[in-house]
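Participant: Those sequence lines, one after another, are chains A and B.
Each residue of the first sequence is one higher than the one before, counting from 1 in the UniProt record's numbering.
Each residue of the second sequence is one higher than the one before, counting from 1 in the UniProt record's numbering.
None of these hints come from the bench; they were simulated from the model.
Computed from a predicted structure; not experimentally measured.
Do not take every clue at face value.
Unchecked claim - Below, computed lysine-lysine pairings styled on DSSO-like, alpha-carbon distance capped at 30 Å:
1) Lys8/B <-> Lys107/A
2) Lys66/A <-> Lys53/A
3) Lys94/B <-> Lys89/A
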Amino acid sequence: MSALLEVSGVSVSFDGFKAINNLSIQVAEPELRAIIGPNGAGKTTFMDIVTGKTKPDEGYVIWGEKSVSLLGMSESQIAQAGIGRKFQKPTVFEAQTVRENITLALKNPRKPLDLLLNRAALDTEERVRAISDEIGLSDALDQTSGALSHGQKQWLEIGMLLAQDPRLLLVDEPAAGMSAVEREKTTDILVHAAKTRAVIVVEHDMDFVRRLNCKVTVLHQGSVLAEGSLDHVTKNKDVVDVYLGR
Amino acid sequence: MNNSFIAKNPSVLWFLLGLSLFTVLVSILSEAAGTALISTSFLKTLGKTLCLCLVAIAMDVVWGYCGILSLGHFAFFGIGGYAIGMWLMYDRTKDIVVTSLENNILPPTPDEITTAIGSQIFGVVGSSEFPVIWAFSHSLTLQLLAVVLVPGLLALVFGWLAFRSRVTGVYLSILTQAMTLALSLYFFQNDTGLRGNNGLSGLQNIPGLDDVSQATLSLWFFWASAFALGSGYLLFVWMTSGKFGSVIRAIRDNEARVRFLGYHVESYKLFIFTVTAMVAGVAGALYYPQAGIINPAEIAPIASIYLAVWVAIGGRGRLYGAVIGAAVVSLMSSWFTGGGAPDINLGIYVINWTDWWLVLLGLTFVAVTLFFPKGIGGLFDLLARKGKQS
Numbered sequence: 001m002s003a004l005l006e007v008s009g010v011s012v013s014f015d016g017f018k019a020i021n022n023l024s025i026q027v028a029e030p031e032l033r034a035i036i037g038p039n040g041a042g043k044t045t046f047m048d049i050v051t052g053k054t055k056p057d058e059g060y061v062i063w064g065e066k067s068v069s070l071l072g073m074s075e076s077q078i079a080q081a082g083i084g085r086k087f088q089k090p091t092v093f094e095a096q097t098v099r100e101n102i103t104l105a106l107k108n109p110r111k112p113l114d115l116l117l118n119r120a121a122l123d124t125e126e127r128v129r130a131i132s133d134e135i136g137l138s139d140a141l142d143q144t145s146g147a148l149s150h151g152q153k154q155w156l157e158i159g160m161l162l163a164q165d166p167r168l169l170l171v172d173e174p175a176a177g178m179s180a181v182e183r184e185k186t187t188d189i190l191v192h193a194a195k196t197r198a199v200i201v202v203e204h205d206m207d208f209v210r211r212l213n214c215k216v217t218v219l220h221q222g223s224v225l226a227e228g229s230l231d232h233v234t235k236n237k238d239v240v241d242v243y244l245g246r
Numbered sequence: 001m002n003n004s005f006i007a008k009n010p011s012v013l014w015f016l017l018g019l020s021l022f023t024v025l026v027s028i029l030s031e032a033a034g035t036a037l038i039s040t041s042f043l044k045t046l047g048k049t050l051c052l053c054l055v056a057i058a059m060d061v062v063w064g065y066c067g068i069l070s071l072g073h074f075a076f077f078g079i080g081g082y083a084i085g086m087w088l089m090y091d092r093t094k095d096i097v098v099t100s101l102e103n104n105i106l107p108p109t110p111d112e113i114t115t116a117i118g119s120q121i122f123g124v125v126g127s128s129e130f131p132v133i134w135a136f137s138h139s140l141t142l143q144l145l146a147v148v149l150v151p152g153l154l155a156l157v158f159g160w161l162a163f164r165s166r167v168t169g170v171y172l173s174i175l176t177q178a179m180t181l182a183l184s185l186y187f188f189q190n191d192t193g194l195r196g197n198n199g200l201s202g203l204q205n206i207p208g209l210d211d212v213s214q215a216t217l218s219l220w221f222f223w224a225s226a227f228a229l230g231s232g233y234l235l236f237v238w239m240t241s242g243k244f245g246s247v248i249r250a251i252r253d254n255e256a257r258v259r260f261l262g263y264h265v266e267s268y269k270l271f272i273f274t275v276t277a278m279v280a281g282v283a284g285a286l287y288y289p290q291a292g293i294i295n296p297a298e299i300a301p302i303a304s305i306y307l308a309v310w311v312a313i314g315g316r317g318r319l320y321g322a323v324i325g326a327a328v329v330s331l332m333s334s335w336f337t338g339g340g341a342p343d344i345n346l347g348i349y350v351i352n353w354t355d356w357w358l359v360l361l362g363l364t365f366v367a368v369t370l371f372f373p374k375g376i377g378g379l380f381d382l383l384a385r386k387g388k389q390s
């Protein structure tokens with residue numbers, strides 16, 4: 001099992017505060033991985049580093065078979081290389097329709113001239129249909145996405161991620177603010193997506209992580225505290241201390 | 001394809017229809033057509049207004065659609081005016097000089113002609129030397145290219161530096177304003193070679209068309225302005241509809257998210273900034289021959305702020321809104337400041353509109369921003385909703 005993403009020895013500090021401290025994580029393809037940890041453990045900063053938003057002070061982030069370093073790449077280049085990200089708050093383009101949102105994300109040429117001259121793939125409409133079916137928004141395609149419910153926005157964003165067809169999906173708290181039924185469906189979508197690609201889920205909610213039934217990495221103060229199955233890590237004394245004690 | 005383009009954008013058809021009707025109506029009423037219900041000076045005002053509408057839709061694309069509040073687009077407009085003005089002034093002066101030297105016993109040498117033209121043009125700033133930037137002023141073709149290329153290049157370089165450093169929002173506005181201020185100060189200097197605060201004048205006289213009356217010339221320029229506005233409108237509707245438009249509106253609403261979708265946001269902004277600057281240059285090149293004179297005060301930062309005010313009042317994010325805003329506000333402005341509006345006598349104080357117009361405009365701007373963020377264009381939404389209900 002060769003690694004798709006290899007983060008090794010990464011550290012980053014903001015004004016003297018070490019948000020990430022000598023962090024190393026490897027993710028294979030396909031794999032479903034959950035990252036848990038208390039507030040300030042560095043989960044979001046980890047995603048910022050992988051997606052190019054934050055540049056680390058030291059360490060390596062290596063991607064793919066060719067072992068390219070992601071550190072010299074811009075956010076858009078990293079996204080085009082095949083890393084998709086879902087934010088904690090659902091961030092869809094509220095002024096635009098569901099169809100426009102999905103079309104924006106679809107894997108197509110992304111240069112200004114390509115778009116002006118309409119150099120998109122011919123099956124765009126079918127792909128939009130397929131994705132909207134998967135996230136249950138086929139009937140809302142022409143609706144302004146600002147009018148969707150919170151849960152629907154979360155799904156739309158997941159749908160946009162699927163439309164990007166990334167090799168690695170980074171998902172930040174997908175279940176936040178969802179009802180029980182919606183959570184179940186979200187789990188299904190993520191588990192299904194992880195059959196063909198790498199998916200990293202950052203989550204607070206232990207029940208949700210249990211349902212994902214996957215390898216778990218526990219972060220604490222910017223580095224890995226424990227790794228393994230959920231049962232394994234919850235028996236770890238350090239993890240129990242961090243979550244319950246102190 | 002063409003069919004679906006218009007079907008998707010019904011406002012295009014209405015706009016072009018309205019513009020054509022307006023053009024035909026004004027033509028019939030003009031002095032050149034004989035009825036003379038519209039004076040030539042008012043015809044020029046209308047033609048100039050069309051040019052202002054053109055720069056306003058460019059501003060709307062860059063601000064209303066892409067979210068870049070540029071306070072520099074009127075500078076690009078002015079540069080376009082200067083570019084065409086240099087040729088107009090050079091060629092016309094050359095005609096005059098050659099005619100006056102014809103009666104000399106010895107035929108004048110080319111050097112003598114150049115010196116004579118130079119002292120005619122630059123006499124006001126105490127010089128007769130041709131500055132370097134006038135190198136191409138003898139050629140209409142090259143100066144026409146300069147009308148689009150100089151604003152385009154300036155926008156490209158400035159935009160590249162600013163967007164690459166991820167300067168956004170208010171900071172970007174301040175930066176564009178600084179650029180505009182620097183440009184107008186540069187144009188004010190005599191050393192620049194653009195006749196300092198005198199600017200370029202006599203631009204209403206088109207070289208080689210001495211036999212054509214101003215009434216006819218003004219009508220031609222009016223037609224050219226209407227054509228330019230129609231074409232610009234089509235260009236921008238094409239750019240802002242479809243997926244390209246979807247991307248730039250997404251950039252306006254959440255730039256970071258667009259980056260994570262894999263789009264190179266800076267390229268899109270730079271593209272929009274540059275194309276709209278070029279269109280602004282074209283609008284300026286059509287405006288100033290109708291105005292007859294251009295001076296550096298025209299490109300002062302305040303002009304670009306007015307442009308933003310027009311677009312805000314007309315309604316951001318819809319092209320016809322920008323047209324309405326620019327037309328209504330600029331026509332009202334010339335009515336109020338031109339002494340057209342009657343003074344209001346309050347007994348203890350007389351409101352003189354030439355002084356108070358700016359106050360009224362400022363208050364209107366504040367009121368529109370607070371209470372009608374969609375501007376005048378937003379009224380069409382209300383009408384459409386009422387139409388659907390009934």
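Participant: Confirm or reject each hint.
Facilitator: The hints, checked one at a time:
1. Lys8/B <-> Lys107/A: With a Cα-Cα distance of about 24 Å, the restraint between Lys8/B and Lys107/A holds, given a limit of 30 Å.
2. Lys66/A <-> Lys53/A: holds (22 Å)
3. Lys94/B <-> Lys89/A: Measuring from Cα to Cα gives roughly 67 Å; hence the hint is violated.
In terms of the numbered hints stated before, the structure departs from hint 3 and from no other.
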